[in-house]
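Let the sequences and hints guide you as you build the complete structure.
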Amino acid sequence: MKEERNKGGYIGQAWLVILLALLYGGGLAGVQTALSGRIQQNKKAETYEVIPDLVAGADASRTEELAIRGENGKDSRAYKVFSSDGSHIGWVLPAGGSGFADRIDLLIGLDPEVSTITGLYVLDQKETPGLGDNITTAGFRDRFRNAPTSQPLAVVKADPSRDNEIRALSGATISSESVAAIVNNALANCRGPLQGLTAQAGPERQRLVEPAR
Amino acid sequence: MDKEGPTALERFINGVLPENPIYRQLLGMCPTLAVTNAMKPAVTMAAATAFVLICSNIMVSLIRRLLKPHLRILVFTLTIATFVTIADRFLAAYVYDMSKQLGPYVPLIIVNCLIISRAEICASKQGLAVATADGIGMSLGFGLGLASIATVRELLGSGTWFGIHVLPAGWPNWGIMALPPGAFVTLGLLLAVVEWGTRRRAATGIWRTVRMLWSWRHSPASSSSS
Chain U
0 MKEERNKGGY IGQAWLVILL ALLYGGGLAG VQTALSGRIQ QNKKAETYEV
50 IPDLVAGADA SRTEELAIRG ENGKDSRAYK VFSSDGSHIG WVLPAGGSGF
100 ADRIDLLIGL DPEVSTITGL YVLDQKETPG LGDNITTAGF RDRFRNAPTS
150 QPLAVVKADP SRDNEIRALS GATISSESVA AIVNNALANC RGPLQGLTAQ
200 AGPERQRLVE PAR
Chain Y
0 MDKEGPTALE RFINGVLPEN PIYRQLLGMC PTLAVTNAMK PAVTMAAATA
50 FVLICSNIMV SLIRRLLKPH LRILVFTLTI ATFVTIADRF LAAYVYDMSK
100 QLGPYVPLII VNCLIISRAE ICASKQGLAV ATADGIGMSL GFGLGLASIA
150 TVRELLGSGT WFGIHVLPAG WPNWGIMALP PGAFVTLGLL LAVVEWGTRR
200 RAATGIWRTV RMLWSWRHSP ASSSSS
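Protein chains in written order, with numbering that gives the first Met the number 0: chain U, 0 to 212; chain Y, 0 to 225.
One or more hints might be untrue.
[Said to hold, decoys possible] Just so you have them, the derived chain U footprint on chain Y, three or more residues with Cβ under 8 Å:
| hint | region |
| --- | --- |
| 1 | 5-14 |
| 2 | 58-67 |
| 3 | 87-100 |
| 4 | 172-186 |
These aren't lab readings, by the way, just hints derived from the structure by calculation.
All C-beta atoms, glycine included, are put in the ideal place defined by N, C-alpha and C.
Below is the structure:
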């Protein structure tokens with residue numbers, strides 16, 4: 000019985016598995032090569048599509064993608080946003096973290112000085128349908144607009160009395176808190192580096208802004 | 000020679016209703032519960048599963064004579080995983096929104112029992128034509144099952160069908176129908192309806208036989224012969 004099972008040795012037994020693995024591997028590599036460009040394009044297109052919602056007056060086609068090093072030493076991406084006349088009008092910062100059900104991916108819109116949140120967009124989430132997934136609604140996302148970045152956001156259940164307070168969604172407190180925590184983390188991590196980049200790149204812009212104050 | 004089995008037409012018909020994967024075999028319950036909150040994801044999932052099932056049936060049928068009995072499950076899994084990955088990449092490239100909405104459930108087609116059961120029951124034992132017909136029939140049956148549950152859940156949960164408003168604006172959306180409990184309740188009730196229908200048909204069948212026997216006994220022809 001044992002000899003029967005091992006007839007032809009390991010190769011004699013497994014040649015079909017090996018051949019199929021090579022064949023399928025080659026096929027998958029082909030599919031990946033053919034489609035990966037398009038898939039990346041889809042992801043990027045989604046980000047670029049919402050940039051004008053995140054930073055008012057943005058011209059998405061002028062956006063520059065930058066790699067920045069956060070305070071925690073990890074590299075992350077940021078989008079430098081320009082208006083149609085070429086002046087730097089803000090940042091879009093991708094951020095992610097765990098939500099109530101699964102990972103939540105956000106895009107955070109910021110002004111050039113990284114002092115105020117100008118918009119928030121949920122790229123990906125799998126929160127509870129009907130409750131937690133309301134974090135994607137404009138009604139909730141707009142609660143973050145104009146919040147200051149100088150202090151961490153706090154989620155409250157009543158009407159907010161301070162600038163940095165965000166009213167939670169009813170029935171989805173944990174999802175709301177998760178979003179705020181992701182924003183807080185990302186800002187704590189990337190606020191310094193982004194401010195540094197703005198200060199480096201734009202002394203002439205600051206000169207333009209200061210007399211107007 | 001191939002082992003004897005149902006013909007291509009029988010396989011096809013069996014897959015759609017008599018051996019419906021969802022209502023008769025209760026296979027593939029994970030996507031059945033998870034992606035039927037609306038028609039669009041349900042139909043996308045049915046299409047992706049159909050692609051994988053038909054391709055894996057064709058492939059397994061083609062190599063059925065080369066299979067070693069103790070390595071067959073490995074070959075099935077390898078084949079299924081390959082086609083699932085292709086389906087997943089295609090969804091991400093061409094229907095990106097749907098791919099995002101279905102999330103992990105597309106890669107999870109790999110572990111859908113329906114597909115490996117068809118490889119084992121049909122494709123590894125029968126020829127290409129029968130295996131293809133079986134794949135198409137089973138895919139249709141699976142699609143019908145998903146669509147029936149999704150129709151109930153989307154109508155009651157959101158008042159829409161394929162995203163188009165069907166019920167009057169005054170309809171209070173039953174949020175629970177879009178949530179996981181709605182999936183269990185709908186599946187349970189529809190299973191009960193199918194079971195009830197089958198039993199009723201079986202019962203009328205028995206009743207008809209009894210009546211036939213009765214009328215045969217009391218017909219003039221049989222009484223004259225006795």
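To see whether the hints hold, each was checked on the structure:
1. 5-14: violated (count 0)
2. 58-67: holds (count 4)
3. 87-100: Coverage by chain U holds for the region 87-100 of chain Y (7 residues, Cβ < 8 Å).
4. 172-186: With 3 residues close enough to chain U, the hint holds.
Hint 1 from the list above is the single one not met by this structure.
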